[in-house]
Amino acid sequence: MSLAAPAALLLGLLAVPLVLLYVLKPRRVPVTIASHLLWRAAVQDAQAQSPWQRLRRNLLLLLELLLLASLVLALAVPLTPAAGAPGGDLVLVLDTSQSMAADDVAPSRIERAKQRAAEIADGLSQGRRVAVLAAGTSPEIVLAPTDEPSRVKPALARLGAPRGVADYSAAAQLAQAVAARLSSPAIVWLSDGGGAPVPPEPLAYPVRFEKVGLQTPNTAVTTLAVRTGPTGRQGWVSVANYGPARAVRLSIRVDGELVDGRDLQLEADSQTGVELNDVPPGRVVEARVDAGDAQRTDDAAWTVVDRVQPVRVLLAGSPSRFLEKALSLVDGVQLTVLQSGQQVPRGHDIYVLNGASSALPQEGNLFILGPADSPLIKVTGTERGLAVTSQQGSHPLLRYVDLTTISVAQAARMTLPGWMTAVAFSGDLPLLAAGEDSTRRLVALAFMPEQSDLPLQVAFPLLVDNAVRYLGPDAGPAGAPLATGDPIAVPAGGPYTLVLPGGRDVRLRGPSTFADTAVPGVYELRGADGRVLKRAAVNAGNRYESELRDSGLRPVQSEQAQTRPVPAATVQRWQPVALLALLVLLVEWAAYLRGRPSRRGAAA
Amino acid sequence: MQAGANDAAEILPAELTARLRLLRLAARTRRQGTTRGDRRSPRHGTSLEFADYRSYAPGDDPRRVDWNQYARTGRLFTKVYEDEEDLQVHLLLDASSSMGFGTPSKLRAAAELAAALGYIALNEMDRVHLALLQSGSTRRFRPLRTARGALQLSDWLTGLAPQGQTDISAALHAYSAQGSAPGLAVLISDLLDPGGASAGLLALRSRGYDVVVVHLLSRDDLDPPLDGELEIVDSETRGVIAVSVDAAAVEAYRRRARRWVEEQKHLCRSLGAPYLQMTSGEAVEEVVFHRLRALRVLV
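For the record, the sequence lines run as chains A and B.
Residue numbers for the first sequence follow the working numbering, so the first one is 114 and each next one is one higher.
Residue numbers for the second sequence follow the working numbering, so the first one is 719 and each next one is one higher.
Derived by calculation from the structure, the hints in this document are not laboratory data.
Where is the CB? At the ideal position from N, CA and C, for every residue including glycine.
Treat the hints loosely; a few may be bogus.
[Unchecked claim] Calculated lysine to any residue pairs in the SDA-like style (CA-CA distance at most 25 angstroms, straight line): (1) K983/B to A155/A; (2) K324/A to R662/A; (3) K983/B to R153/A; (4) K324/A to E224/A; (5) K438/A to K324/A; (6) K324/A to R153/A.
[What the hints assert, rightly or not] Counterexamples of contact, computed for chain B against chain A with all Cβ distances above 10 angstroms: (7) E728; (8) R742; (9) R781; (10) N786; (11) N841; (12) T864; (13) R866; (14) D873; (15) S887; (16) S916; (17) Y993; (18) F1007.
Whole structure, please, built from the sequences with the hints as guidance.
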């Protein structure tokens, strides 16, 4: 049995004043009687003059405590598994996004959702199958369909802390795919109703949405950015208030030292921006508000303001002034230009190879422009007079880059390995591709800059900058924080030690990624000698998951699925408890009347 | 709430008095009266009631010689007759404050019973003494003898009001010592006296009184309608005790009251005094025509 409203159990504290009422003596009523003669012998009340009396075994008190317990239990709404419901197989979808970490329902939204999922699984009919999905940034199958409901709890226990932004659309697609493998499936969706505002496709199966959490206000630091300008370091903090107007104190720390403090008056449901001037030098800047609300993980944000080590880039192949200039402009790059005829040296993070080259370096990541046929990329010929007809805008290589306006005089016809993905095309011919095999990352541009008008476009330096970020050991823009759940790239080599915000460390080898970034804070990657190689800030605050109030995001079911509603797997059992309370009340009344001396008339 | 004896208009209804004429008080021992009356005296007299034989002695009235005995036995026997005298009836009413409780009040019930007994006695030409026991003393009224005295008795009894404390033994001591002719003493009291009544009853008995005890209690005395946290005030002493009255306390009181009544009954039996326990709500007719006759106080 579980409780739908366990907070009501706090009403059980009323037992304290109830017992006190029995311990405290009431004010005595004077009554004149004929004589004390018989009363003196019959009654001895040694404590008559004390304001307290010894708590005797009292049937009325016991009944009243039982009555109180019954009422409190009824208000807590006990839930018991319903016999045989739901009748078919079941897909349980749990929202594991950042907002589920809120503790506005005890112990937290995610734990409550886990409890409900376990209860629902326990109530399944014999032989029915159940699957569990996690609906986070990327949906995943936590438990493949099984006819053993006992496996649900262990699977739920393996779920990590809530992180990232819920993607209902992707989760609905996955739930649909899993349900398709089940018999008479139904989907139960446990969520707080918040996430990325992408409405999911209608589900072809019956779905029931169970809301977890309350309409809770929240204040969060949603943005923290620091950049170095001509007048020094400037910063920008954005504090979002999802609730009524309130005041908070904003504290700015650099490397743990308090450097600024502001009292902010936040209007209801608003974003407040704070500009920081002359941020003192340091490695990590932290902005924190004393919100004290149900979601504490987004009360602070961090950003890394200095690169730990420069990215060592080697430019080889055909000389290209455009490429050399663009690489040299990338912040944090230590560029080496290899003269023709020189041996390719070792020890660089990125090797930029302009033009056909038969000898590829055995280490480091590669940026190949105008490739020749090689074991990595097969080139079957050349094409002339091309234009980019489509590009995959969401890929990090094409961040702020528009290639559809360029013209290409000549490009290699690349046949890509399976681990590479084309992100820009001319028709069906890949012009730009990226990927990662077991040892390195690779970016391939089918032409050299000089074979197109790309170097004359604003897209060129942006593309080069993105390529360096993609291939460099410190993936992502310098200082750009990650969101919880975003992976941290670990460069090739190792062993490394990743020190987590709480002080816990994890041993890693590269190239790899570390995805367990549910805890916001600063993650430090250290080498074998203990030297810090890389820092990454992970922040929880964002506009979708810091809004703890129900945004109304729901899975929907298609027309044909609506004919079969999903029955509840648990039944509320407050009625029998309330009936018990009524019976106890009647028994108490009878006991009171029985214990009360008959009143034939007023006391003489 | 206390009430006096005058909370009803008429203390003895007319229809009851007609029936009371059929009764008479039975003296348990023969007493020497003060005037000739309807009672047999310990002195043999000249009434027509035969008492015994004795041997003839010179000077005896020859009309009292039993000649039939002489014919059978050859010896002269003189018939001896009872000398009939009046009975001294002492009606001793407890009129302390505690007698003002009950519905009707105990004092009212006591007055009705005393009026009935007084009427019976006066109707038999007995001498009736009424005394009120209050605060360790007695308030005595002048003796009554004639049937007209019944009206006076009713007047006195109608105007009674409870007051003062009870000290039954002291009051009975005082009464027995005042020199009235002993006779039948009917004590009507709730006996709610911490000092008890045994010493007073013994004093009456030692002075030659036949004593009848009517133990008059209200239903509240036996089964108090109290509940809760109370300060109970004694109506006579004004003393206060704090009690937590619940079902258990009331049950303990009931047990104590039953035992106490038994103790009073045992005391009276040990003194040779008929004992009657009545409650204030009981009808006087029931007490007079059945319960006192069953005790042979009335015949």
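Original post:
Which hint numbers doesn't this structure obey?
Top reply: 5 and 6
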